[in-house]
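The sequence shown finishes on residue 195 if you use full-length UniProt numbering, and the numbering steps up by one all the way, no holes.
Read the hints as simulated data drawn from the structure, not as lab findings.
Distance condition first, Cα-Cα at most 30 Å in a straight line; then the derived DSS-like pairs of lysine-lysine:
#1 K164 <-> K147
#2 K35 <-> K147
#3 K131 <-> K107
#4 K67 <-> K138
#5 K108 <-> K131
#6 K131 <-> K164
#7 K131 <-> K35
#8 K35 <-> K164
#9 K163 <-> K67
#10 K35 <-> K138
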Amino acid sequence: MIEIPSDLNPALVPLAFLLGRWEGAGVADFPGTEKCNFGQEVVFAHDGRDFLEYTSHSWVLDGEGNKVRPLETESGYWRVDADRKVEIVMIRDQGVVEVWYGELADKKPQIDLATDAVARTAASGPYSGGKRLYGYVKGDLMWVGEKSTPDVPLRPYMSAHLKKVAGLKEWAESLPDDMPDGVAFFNPDGTPYQG
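Using the sequences and the accompanying hints, generate a full structural model.
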C-alpha cells in the first residue's frame, strides 16, 4: 500500500511510492570493472518543499552476504511536474554530476529516466551517460541502470531489488499493546520514544 503523508507537498503525490528507507541487494557488472553482488540502502525523504531528497549507499558483498567495501554513493533531488515529467539533479562520489529527465508511466508507479547532462571531475572515470528504470512492484522498489562510456555503448550495469524498512515510529506502533512493564524504546538521539 502506498501511503501519502499529510505534510507531503501536493506536487509530489505522484512520487509518494518512493518515500521511505529501502534496503536490499543487486548485481553490478560492467566491462572493465569487477562483477559483484552488492547491498544497497536508499532513502527518499521530504521536508514539505517541492522535491524529494535522495541518498543511496551501496557496498560490495562477499559470498556470504557480508559487507566488503563501499561501492557507490549518490545523492540528489527529485521533482515532478503537473505533466508527470520527472527531473533529477544527482551527485555521485566518483566525481560525477548528472541531470536526469524522464516521466512516470501512465497509471502505474514506474519511472523511466535518461541523463540530459553530465559533468565530470578530472579524477572521475570515463562516463558518457545513462538510463534508469525504477518501479514499485508488490510493495518493493526495483531498479535497473544502464550506462555508457566513450568506449562502451549503453548497456545494463546495475540492478537491485529493495524492500521498505519500517522506521522507528512504524515499528513501535506495530508492537502489541500488552508489552511487559519496564520495556522502553528510545529515539536515536537517546530521548524516550513517545509514540
